[in-house]
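Q: These are the residues of each chain, in order.
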Amino acid sequence: MSFSRNLGKLLSWQVNNEFSRYTYSYSSNFTHEAYGGRHTVTLLPGDGVGPELIGHVKEVIRFSGAPIDFETINLDADHGDEDYLSHAMLAIKRNGVALKAPIETKQGSKSKNVELRTKLDLFANIIHIKSIPGIATRHHDIDIHIIRENTEGEYSNLEHESVPGVVENLKIITAEKSTRIAKFAFDYAVKHNRRKVTAIHKANIMKLGDGLFLECCTNMSKLYPAIEFEGMIVDNCSMQMVSKPQQFDVMVMPNLYGNIIGNLGAGLIGGPGIVSGMNLGDQFAIFETGTRNSGRSIQGKNIANPAAMLLASSQMLDHLGLKDHGKLIRESVKKVISEEKIHTPDLGGQATTLQVVQAIVKDIKEKTQQCLCLYILGYRSN
Amino acid sequence: MAARVLLNSVQRLIVGKAFVTRNFSSETRTVTLIPGDGIGPEISESVKTIFAAAQAPIAWEPVDVTPVKGPDGLFAIPQKAIDSVHKNKIGLKGPLATPIGKGHRSLNLALRKEFNLYANVRPCKSIEGYKTPYDDVDIVTIRENTEGEYSGIEHVIVQGVVQSIKLITKEASIRVAEFAFDYAKSNQRSTVTAVHKANIMRMSDGLFLRCCRHVAEKNTDIKFNEIYLDTVCLNMVQDPTQFDVLVMPNLYGDILSDLCAGLIGGLGVTPSGNIGADGAAIFESVHGTAPDIAGEDKANPTALLLSAIMMLRHMGFGDYACRIEKACFDTIREGNVLTGDLGGKSTCSEFTNEICRKVEAT
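Protein sequences, first through last, are from chains A and B.
Residue numbers are given in our numbering: position 51 of the first sequence equals residue 51, and the series is strictly consecutive.
Residue numbers are given in our numbering: position 220 of the second sequence equals residue 220, and the series is strictly consecutive.
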């Protein structure tokens with residue numbers, strides 16, 4: 001058993017070392033060319049508090065010294081027709097990577113967020129739910145990775161009214177995509193030294209649909225004997241999440257359950273303001289907040305928590321191979337939240353968004369000046 | 001006679017339209033009792049003992065719902081059980097084990113279809129004396145019970161591609177929305193919240209939402225709002241006190257009702273009622289049969305007892321319900337005689353006797 005785990009570690013170490021520019025992708029086909037040493041990233045400010053938060057992220061990345069240029073695309077509720085969407089997709093395909101805030105969906109129109117994800121085939125959504133010191137919560141020591149199938153299931157957008165007053169919505173589950181996400185989940189577990197994968201389903205009721213998903217996960221688990229595997233029904237899972245969330249490690253599930261359990265998890269550790277998420281595909285990646293709330297009610301009030309978007313940007317920097325800069329931003333955010341405890345109202349504090357960002361920037365400046373001094377004195381910083 | 005008419009109208013004002021029954025007197029009502037499997041018979045006995053101690057006007061008619069083979073070779077609920085519930089209209093059900101094997105339909109599903117139980121009601125209220133990380137929870141989840149994602153309509157389109165159909169109809173949505181508002185009125189609740197995902201499932205949840213809005217317009221004395229399912233989950237685990245009555249389609253209701261049960265301590269202390277057309281209703285405990293402790297006098301009858309109390313309120317016996325409920329909550333709060341799952345060391349009989357003692361004292 002330990003041989004398989006060590007083999008897995010060895011393989012992922014090989015991948016990491018040989019393709020060190022391409023880290024954080026499960027596929028070795030992932031490439032991000034840095035032209036002139038600088039990466040270009042697509043920014044989608046979206047709606048609600050998105051524009052203000054993206055603005056702060058740009059500033060923080062600038063202070064961190066990361067060699068990033070931005071291409072801002074205005075795709076939002078008011079500019080959302082086909083042309084805008086294709087323009088946005090072209091930009092993301094060109095740059096390979098995007099940082100995005102949620103785009104609100106007007107009544108009656110399709111969700112741009114869903115369209116971006118399905119058309120770019122960003123099949124895995126990953127949220128890391130980890131208890132953060134310094135935030136008062138009812139549960140402690142939570143460390144869960146939620147992996148959600150991002151392109152099919154209930155979000156297939158296939159609905160019709162068979163007769164007036166009777167609507168059918170089709171939930172599609174395919175063996176191909178279920179196997180793909182299951183493999184991703186197990187590879188992820190191996191890469192991050194996790195010990196257990198739990199598949200969330202409702203196969204006792206949706207015998208064919210969720211039954212197929214569970215079967216694909218079970219079959220995949222046989223290829224990873226070192227990783228413990230179990231299935232759990234989604235309603236029992238929600239009950240367990242609020243009573244004993246520490247039992248979960250890596251969780252894999254279809255689209256809608258991922259939405260539910262992801263939001264549950266985010267609520268357990270302090271709310272939507274501190275959880276980041278990433279959407280990964282074979283070729284492209286979009287980074288965003290974990291719970292995808294647009295925050296319309298707090299728009300323009302300078303009280304939104306910038307941590308989630310900043311953590312997403314640090315994950316993006318890791319993804320581009322700029323691990324030092326990613327770590328710098330992440331540690332500054334964590335220092336401000338956990339040690340200095342400068343909290344916005346969603347965490348029970350009184351600080352404004354600007355105050356939190358300024359504290360993070362101050363910490364980054366101190367650290368980069370230290371690095372500069374050490375460099376001048378002839379030492380390499382780590 | 002005149003006094004009875006006066007009593008009727010006063011009670012109607014207090015209890016509300018939805019829960020006034022035909023026999024508005026103290027004559028005994030017969031209720032079908034389905035003890036169930038595992039710990040079912042023990043906890044049903046507890047409930048019967050407590051009701052006898054309270055002198056509640058309930059006569060029990062126990063039936064067995066173990067499937068029998070019909071003339072067509074398929075297993076089905078015995079006709080005697082079906083006739084009993086049709087006659088009495090009200091049932092109390094313990095936990096049922098789903099037999100494994102071909103030919104057995106889910107019993108719960110069969111009961112639901114037989115009596116057209118369209119709304120599942122689960123009131124989740126924090127129990128004093130049973131500490132959980134969440135305090136002051138007082139939420140009622142009302143879940144549409146007949147359609148939605150659990151329609152059971154699935155097809156294999158080609159090998160490796162499955163479609164599951166989620167069915168939403170105007171009729172069922174309006175029916176459950178009307179029930180939700182009636183329940184809110186009868187139980188002095190102030191807000192009804194519709195839970196949906198109409199940003200993604202535009203037509204289906206959109207229809208559900210429109211039906212809820214339509215019913216809300218006719219019930220302007222109750223506040224109505226709408227909230228996305230993911231936002232509910234996010235906010236529920238941070239501050240459950242902000243929610244009152246929630247109404248939603250089948251799958252969301254399944255998840256949220258179990259989530260709320262988890263907030264107050266699990267399925268062992270959560271009551272549940274299924275309301276059907278024509279005044280039929282089956283109240284049940286939703287926990288498992290616990291075969292490992294069956295017959296050992298260790299079971300906790302709280303869930304079934306609270307469901308039975310819901311049943312009394314539904315039938316219009318509010319004062320009996322209050323007395324028994326108070327005795328039950330007082331026993332748990334005092335903490336002297338608790339069963340193992342509540343953190344004590346007493347047996348089921350001791351717990352039951354303590355509640356009986358308190359009920360007789362009032």
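Calculated from the structure, these hints are not laboratory results.
Note that the Cβ used here is the ideal one computed from N, Cα and C, for glycine as well.
Among these hints, one or two may not hold up.
Unchecked claim - Under 8 Å between C-beta atoms, here's a sample of chain B residues computed to sit facing chain A:
#1 66
#2 68
#3 165
#4 166
#5 201
#6 233
#7 241
#8 258
#9 293
#10 342
Stated by the list, open to error - Incomplete in silico selection of chain B near chain A, CB under 7 Å:
#11 154
#12 158
#13 160
#14 163
#15 169
#16 174
#17 209
#18 210
#19 237
#20 238
Stated by the list, open to error - Ranges of calculated distance between the beta carbons of each label pair, as one might list FRET restraints:
#21 296(B) <-> 296(A): 18 to 28 Å
#22 232(A) <-> 336(B): 49 to 59 Å
#23 340(A) <-> 45(B): 54 to 64 Å
Q: Against this structure, judge whether each hint is valid.
A: The hints, checked one at a time:
no., hint, in the structure
1, 66, "violated (20 Å)"
2, 68, "violated (23 Å)"
3, 165, "holds (5 Å)"
4, 166, "holds (4 Å)"
5, 201, "holds (5 Å)"
6, 233, "holds (4 Å)"
7, 241, "violated (13 Å)"
8, 258, "holds (4 Å)"
9, 293, "violated (19 Å)"
10, 342, "violated (14 Å)"
11, 154, "holds (4 Å)"
12, 158, "violated (9 Å)"
13, 160, "holds (4 Å)"
14, 163, "holds (5 Å)"
15, 169, "holds (5 Å)"
16, 174, "violated (9 Å)"
17, 209, "violated (10 Å)"
18, 210, "violated (11 Å)"
19, 237, "holds (4 Å)"
20, 238, "holds (5 Å)"
21, 296(B) <-> 296(A): 18 to 28 Å, "violated (55 Å)"
22, 232(A) <-> 336(B): 49 to 59 Å, "violated (36 Å)"
23, 340(A) <-> 45(B): 54 to 64 Å, "holds (60 Å)"
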